[in-house]
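S.K.: Turn these sequences into a full structure, and let the hints steer you where they fit.
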Amino acid sequence: MAILDVRNLSVDYLTDDPLAGSGRGSIALHAVENVGFRLEQGRSLGLVGESGCGKTTVMMALLRLLPQEGRIVHGQVLFDGQDLLQYSEAEMRQVRWRGISMVFQGAMNALNPVRTIESQMVEALRLHSIIEQPRAARQRAGELLQLVGIPPRRGRQYPHQYSGGMRQRAVIAMALACNPRILIADEPTTALDVMIQAQILELLEQLQAELYLSLVMVTHDLGMVAEICDDVLVMYAGMVAEYASSDAIFNNPQHPYTQRLLEAFPDVEKPGSTLASIPGSPPRLDDLPPGCRFEPRCQCQWREAICAQKVPPLVEIEPGHCVACHWARRI
Amino acid sequence: MESLKKFLRNPMGVLGALMLLVVVCAAIFAPWLAPYDPKQRVEVTPEDILAPPDAQHLLGRDDAGKDVLSLLIYGARVSLLVGFTASFMSMFIGTTVGLVAGYYGGRIGNALMRLVDFLLVVPDLPLMLVIIAVWGRGLWKIVMVISLLGWTYTARLVRSQVLSIKERQFVLRARSIGAGSLRIIVRHVFPQVLPLIIAQAVLDISVSILYESSLAFLGLGDPTLVSWGMMLNFAFERAVSRQAWWFLLPPGLAIVWVSLALILIGNTLDEIVNPRLRTHHLFDARRMVALVAEGEAAAE
Amino acid sequence: MEAQPILRVYDLCKYFPISRGVWDTLTRKPRRYVRAVDGVSFVMQRGEILALVGESGSGKTTVGMNVLGLQRPTRGHILLDGYDVTEWAQGHGPTLETDGGKPPTLPQAQGKAGSELCLATLSWRRRVMLLRERAQMIFQDPYESLNPRQKVFDIVAEPVEIHHLARSREEKEERVRAALETCGLAPADHFWGRFPAELSGGQRQRVVIAGALVLEPKLLVADEPVSMLDVSIRAEILNLLHALRRERGITILYTTHDLATAGFFTDRMAVMYLGRIVELGPTAEVLSEPRHPYTRALISVVPVPNPRRRRKRTILQGEIPNPIDLPSGCRFHPRCPDAAPKCRETDPQLRPVAPGHEVACLA
Numbered sequence: 001m002a003i004l005d006v007r008n009l010s011v012d013y014l015t016d017d018p019l020a021g022s023g024r025g026s027i028a029l030h031a032v033e034n035v036g037f038r039l040e041q042g043r044s045l046g047l048v049g050e051s052g053c054g055k056t057t058v059m060m061a062l063l064r065l066l067p068q069e070g071r072i073v074h075g076q077v078l079f080d081g082q083d084l085l086q087y088s089e090a091e092m093r094q095v096r097w098r099g100i101s102m103v104f105q106g107a108m109n110a111l112n113p114v115r116t117i118e119s120q121m122v123e124a125l126r127l128h129s130i131i132e133q134p135r136a137a138r139q140r141a142g143e144l145l146q147l148v149g150i151p152p153r154r155g156r157q158y159p160h161q162y163s164g165g166m167r168q169r170a171v172i173a174m175a176l177a178c179n180p181r182i183l184i185a186d187e188p189t190t191a192l193d194v195m196i197q198a199q200i201l202e203l204l205e206q207l208q209a210e211l212y213l214s215l216v217m218v219t220h221d222l223g224m225v226a227e228i229c230d231d232v233l234v235m236y237a238g239m240v241a242e243y244a245s246s247d248a249i250f251n252n253p254q255h256p257y258t259q260r261l262l263e264a265f266p267d268v269e270k271p272g273s274t275l276a277s278i279p280g281s282p283p284r285l286d287d288l289p290p291g292c293r294f295e296p297r298c299q300c301q302w303r304e305a306i307c308a309q310k311v312p313p314l315v316e317i318e319p320g321h322c323v324a325c326h327w328a329r330r331i
Numbered sequence: 001m002e003s004l005k006k007f008l009r010n011p012m013g014v015l016g017a018l019m020l021l022v023v024v025c026a027a028i029f030a031p032w033l034a035p036y037d038p039k040q041r042v043e044v045t046p047e048d049i050l051a052p053p054d055a056q057h058l059l060g061r062d063d064a065g066k067d068v069l070s071l072l073i074y075g076a077r078v079s080l081l082v083g084f085t086a087s088f089m090s091m092f093i094g095t096t097v098g099l100v101a102g103y104y105g106g107r108i109g110n111a112l113m114r115l116v117d118f119l120l121v122v123p124d125l126p127l128m129l130v131i132i133a134v135w136g137r138g139l140w141k142i143v144m145v146i147s148l149l150g151w152t153y154t155a156r157l158v159r160s161q162v163l164s165i166k167e168r169q170f171v172l173r174a175r176s177i178g179a180g181s182l183r184i185i186v187r188h189v190f191p192q193v194l195p196l197i198i199a200q201a202v203l204d205i206s207v208s209i210l211y212e213s214s215l216a217f218l219g220l221g222d223p224t225l226v227s228w229g230m231m232l233n234f235a236f237e238r239a240v241s242r243q244a245w246w247f248l249l250p251p252g253l254a255i256v257w258v259s260l261a262l263i264l265i266g267n268t269l270d271e272i273v274n275p276r277l278r279t280h281h282l283f284d285a286r287r288m289v290a291l292v293a294e295g296e297a298a299a300e
Numbered sequence: 001m002e003a004q005p006i007l008r009v010y011d012l013c014k015y016f017p018i019s020r021g022v023w024d025t026l027t028r029k030p031r032r033y034v035r036a037v038d039g040v041s042f043v044m045q046r047g048e049i050l051a052l053v054g055e056s057g058s059g060k061t062t063v064g065m066n067v068l069g070l071q072r073p074t075r076g077h078i079l080l081d082g083y084d085v086t087e088w089a090q091g092h093g094p095t096l097e098t099d100g101g102k103p104p105t106l107p108q109a110q111g112k113a114g115s116e117l118c119l120a121t122l123s124w125r126r127r128v129m130l131l132r133e134r135a136q137m138i139f140q141d142p143y144e145s146l147n148p149r150q151k152v153f154d155i156v157a158e159p160v161e162i163h164h165l166a167r168s169r170e171e172k173e174e175r176v177r178a179a180l181e182t183c184g185l186a187p188a189d190h191f192w193g194r195f196p197a198e199l200s201g202g203q204r205q206r207v208v209i210a211g212a213l214v215l216e217p218k219l220l221v222a223d224e225p226v227s228m229l230d231v232s233i234r235a236e237i238l239n240l241l242h243a244l245r246r247e248r249g250i251t252i253l254y255t256t257h258d259l260a261t262a263g264f265f266t267d268r269m270a271v272m273y274l275g276r277i278v279e280l281g282p283t284a285e286v287l288s289e290p291r292h293p294y295t296r297a298l299i300s301v302v303p304v305p306n307p308r309r310r311r312k313r314t315i316l317q318g319e320i321p322n323p324i325d326l327p328s329g330c331r332f333h334p335r336c337p338d339a340a341p342k343c344r345e346t347d348p349q350l351r352p353v354a355p356g357h358e359v360a361c362l363a
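Chains A, B and C supply the protein sequences, listed in that same order.
According to the numbering used here, the first sequence is numbered sequentially starting from 1.
According to the numbering used here, the second sequence is numbered sequentially starting from 1.
According to the numbering used here, the third sequence is numbered sequentially starting from 1.
Check each hint, because a few of them may be wrong.
Unchecked claim - Derived DSBU-like pairs (lysine-lysine); straight-line CA-CA distance at most 30 angstroms:
| no. | chain 1 | residue 1 | chain 2 | residue 2 |
| --- | --- | --- | --- | --- |
| 1 | C | 218 | C | 172 |
| 2 | C | 151 | C | 218 |
| 3 | B | 166 | C | 218 |
| 4 | C | 312 | C | 342 |
| 5 | B | 141 | B | 39 |
| 6 | C | 151 | C | 172 |
| 7 | B | 166 | C | 151 |
| 8 | C | 172 | B | 166 |
| 9 | C | 312 | A | 270 |
| 10 | B | 6 | B | 166 |
| 11 | C | 342 | B | 6 |
| 12 | B | 5 | C | 151 |
For the record, the hints were derived by calculation from the structure and aren't laboratory data.
Treat the numbers as computed from the prediction; the structure is a model and nothing was measured.
M.R.: What follows is the structure, given as structure tokens:
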């Protein structure tokens with residue numbers, strides 16, 4: 001059974017309507033619409049999309065960490081069969097960090113600079129009432145650091161004494177403090193060098209195997225997704241464009257956006273090949289087209305009037321391969 | 001302008017602006033607003049001295065028999081004049097010093113900052129007293145003295161801002177296209193510090209007014225002009241024993257009113273203008289949403 | 001006559017001193033330096049695109065800054081279009097005791113005939129202006145490299161004003177229009193009234209490129225120009241740079257940490273590690289037949305967009321050591337999978353292993 005089953009999740013952001021003046025009349029920007037996916041225990045999902053497509057919003061929504069302007073309009077988030085959207089704040093606190101844990105974007109730069117790494121981990125452990133006594137907590141902190149490849153004695157050091165890669169490991173260790181079943185990592189390697197990136201990915205794969213962890217990687221880097229994710233969800237302008245296994249996405253992409261995205265990704269093993277780009281930019285959230293959101297930039301040969309008029313439904317063209325395009329061919 | 005709209009949304013800022021407007025109008029329209037001209041000689045009888053308020057003199061009369069209300073209104077002129085001028089001059093000196101010290105750094109920067117430190121350490125008011133006592137009294141002398149001692153805070157503020165601005169990539173780009181130091185300072189660095197300077201200037205006006213009032217209160221004001229400080233001076237010396245509160249309270253309250261108005265405005269400006277950490281829009285979905293809506297309003 | 005290379009870099013070194021405490025000064029401890037660049041030499045022909053690849057701390061950005069004279073080299077010489085840039089540099093670096101400050105007597109080390117005379121007669125400011133007209137930089141962060149309070153027109157027109165390239169307002173407008181439209185921002189008047197905040201990342205980067213182009217430089221140093229842009233717009237910017245080379249013969253020095261984009265449009269590639277070039281050769285050859293262990297490891301870990309192609313990844317352990325206390329001998333030996341005892345003793349120099357392909361490795 002899937003440990004996480006998200007169905008028809010839609011999130012709006014309320015913002016002041018610039019035309020109506022402050023306060024009066026706010027418009028709702030549909031940041032995320034009808035996003036759904038399933039995550040099995042021990043598997044990893046890559047949530048791919050460019051900036052502003054709503055992928056971080058989806059993750060924040062399922063942990064109920066949206067900012068004040070955010071509203072979950074409808075949907076279900078079934079974690080182990082229970083709908084998280086129905087939980088009270090107190091119940092959510094039991095889920096966050098213990099059931100589902102998250103490494104936020106830029107978390108490695110958000111460590112408290114005036115406290116040692118160990119003390120920050122001990123704080124997390126005691127805050128979540130996992131371990132109360134300081135000594136036991138410090139021991140556990142040491143174990144966690146070891147788990148991510150940092151010698152435990154370095155726990156007494158401060159964040160500025162760690163390199164970028166080590167800080168990212170420390171943050172991952174903190175996220176694993178309460179033995180969560182799911183770990184969400186938002187752009188875990190964006191600011192890191194390619195070698196350190198490889199180290200972190202190797203670490204995540206190892207952790208996934210050792211702890212039987214489920215991973216969700218939110219990123220714009222297709223390469224990283226190809227390396228370690230089993231399934232891929234491609235988002236565009238707040239909606240799901242394609243959802244399939246990693247192999248299917250990379251070797252048999254059906255959505256025009258996915259295809260173009262792959263063509264825009266340079267391949268180091270094929271130097272000199274042409275690199276495509278997608279002209280234009282994603283639609284503004286308060287000016288969404290009535291039909292398919294990718295239509296204005298789509299150069300697919302089967303493009304027709306219906307694309308601009310009707311939002312394409314997410315259709316399962318093959319078992320485990322869903323596409324939201326009017327012209328996705330059936331195999 | 002966007003900043004103006006933000007300012008108008010802040011009730012404290014608007015309140016301060018209105019309060020200041022009252023005083024500015026009083027100063028500008030003094031000849032029409034004041035019931036009597038303080039410069040005119042008055043026939044005085046012993047009952048007129050420090051007479052309590054009545055129908056003809058709403059705030060009573062001072063120790064020379066003159067109408068306190070008129071004195072108060074005309075006094076606004078002096079205070080505002082001194083305040084704005086001294087503040088402007090000290091802003092000018094402070095900004096220049098701060099820009100030079102921050103941008104060039106090195107020995108010049110160090111020397112300038114040591115000068116700033118020196119002036120900051122010396123207590124302002126006693127030094128002003130000494131200078132005025134030696135140099136002589138007069139309105140412009142007061143303005144000069146206040147501004148020569150008041151620029152140091154701005155200089156420090158500007159310098160610390162400049163230190164961080166000059167490391168930004170657009171300054172490097174300006175260098176790479178061949179811009180000389182002067183152009184970079186004027187075209188690229190200064191516009192970034194300007195908002196902070198404006199916010200600081202407003203607060204500085206209030207400080208200058210307080211200094212002028214203090215100097216006048218201590219008897220070193222311009223003897224030819226009436227200012228609130230001088231009124232306080234005379235009131236303190238002569239009115240307290242007679243319990244003529246109408247002479248003592250109004251100038252004090254007026255000073256408080258103006259200072260409060262300026263502080264409210266200054267704080268509001270500071271809130272609007274303070275550089276907050278800007279997260280890169282690629283990393284923050286929420287900011288992207290806000291930017292999107294903003295970007296459109298700007299594009300329209 | 002053989003065409004002269006447009007850029008020649010000889011033994012470029014850039015050291016940043018670490019500030020010392022009072023105790024260290026009193027006990028006369030030797031000064032320590034961050035050796036950001038420690039002996040880099042290469043040559044660029046006109047119209048060539050060279051990729052300078054390396055991770056953070058490799059010194060690639062510092063090389064770019066020194067080539068343009070935005071930093072003063074600690075040692076070494078840079079000859080741009082025959083002129084000695086090191087004389088021109090305005091920077092904030094310290095200068096170690098140089099060997100008299102004269103160009104080394106290497107073959108082809110002479111600058112353009114008469115160029116030294118020309119330079120000597122000009123003022124320092126004039127010399128800097130000459131340099132700026134020949135070489136320009138494209139920066140990494142399009143969100144930070146434009147003055148947020150300047151309109152696009154002013155941003156692109158500023159170089160024209162500084163160098164007095166236009167005699168009238170119309171001429172200035174013409175140049176700005178030409179630059180903007182070459183960079184794909186057409187019609188120009190649609191864009192030039194806007195502020196940078198109103199443009200997307202790709203558009204901003206185009207404005208930066210237009211601002212550099214308006215001076216008609218011969219050399220462009222592009223410092224990671226696309227790493228902060230979305231994947232789908234990277235190709236546009238890179239294609240633009242490629243077109244500039246094709247149509248105008250502009251030489252491009254492209255700095256990046258992304259081997260894949262380097263492979264896409266560059267002619268030659270130089271791989272840097274800890275301030276030195278460890279491998280230099282034609283891009284296709286370096287990517288398909290890497291000779292240096294670091295290059296091999298780097299290529300093996302670059303993600304490819306296909307899960308079926310599981311390659312053997314050589315993931316190096318640890319991090320790049322800090323450039324203050326360099327390892328003895330070959331600076332890569334502590335992490336090198338093929339390290340031998342001799343690597344700890346001898347510091348390898350670049351030597352040719354194939355035509356046009358050099359490697360700094362003892363193996």
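S.K.: Each hint: holds or not?
M.R.: Now for the hints, and whether the structure bears them out:
The hinted pair formed by residue 218(C) and residue 172(C) meets the criterion: a straight-line CA distance of about 20 angstroms does not exceed 30 angstroms. Taking the CA atoms of residue 151(C) and residue 218(C), the gap is about 26 angstroms. The hint holds against a cut of 30 angstroms. Taken as a hint, the residue 166(B) and residue 218(C) pair is honoured in the structure, with Cα atoms around 28 angstroms apart against an allowance of 30 angstroms. For the hint pairing residue 312(C) with residue 342(C), the CA-to-CA distance comes to about 27 angstroms; that is within 30 angstroms, so the pair holds.
Of the pairs offered as hints, the one joining residue 141(B) and residue 39(B) holds, with about 22 angstroms between alpha carbons and a cut-off of 30 angstroms not exceeded. In summary, the hint linking residue 151(C) to residue 172(C) is supported, as the alpha carbons are separated by about 15 angstroms, within the 30 angstroms threshold. A hinted pair counts as satisfied when its Cα atoms are at most 30 angstroms apart, and residue 166(B) with residue 151(C) qualifies at roughly 20 angstroms. For the proposed pair residue 172(C) and residue 166(B), the alpha carbon gap of about 28 angstroms is at most 30 angstroms, so the pair holds.
Of the pairs offered as hints, the one joining residue 312(C) and residue 270(A) holds, with about 17 angstroms between alpha carbons and a cut-off of 30 angstroms not exceeded. Taking the CA atoms of residue 6(B) and residue 166(B), the gap is near 28 angstroms; set against the 30 angstroms cutoff, the hint holds. The suggested pairing of residue 342(C) with residue 6(B) is violated, with an alpha-carbon distance near 68 angstroms, which exceeds 30 angstroms. Of the pairs offered as hints, the one joining residue 5(B) and residue 151(C) holds, with about 22 angstroms between alpha carbons and a cut-off of 30 angstroms not exceeded.
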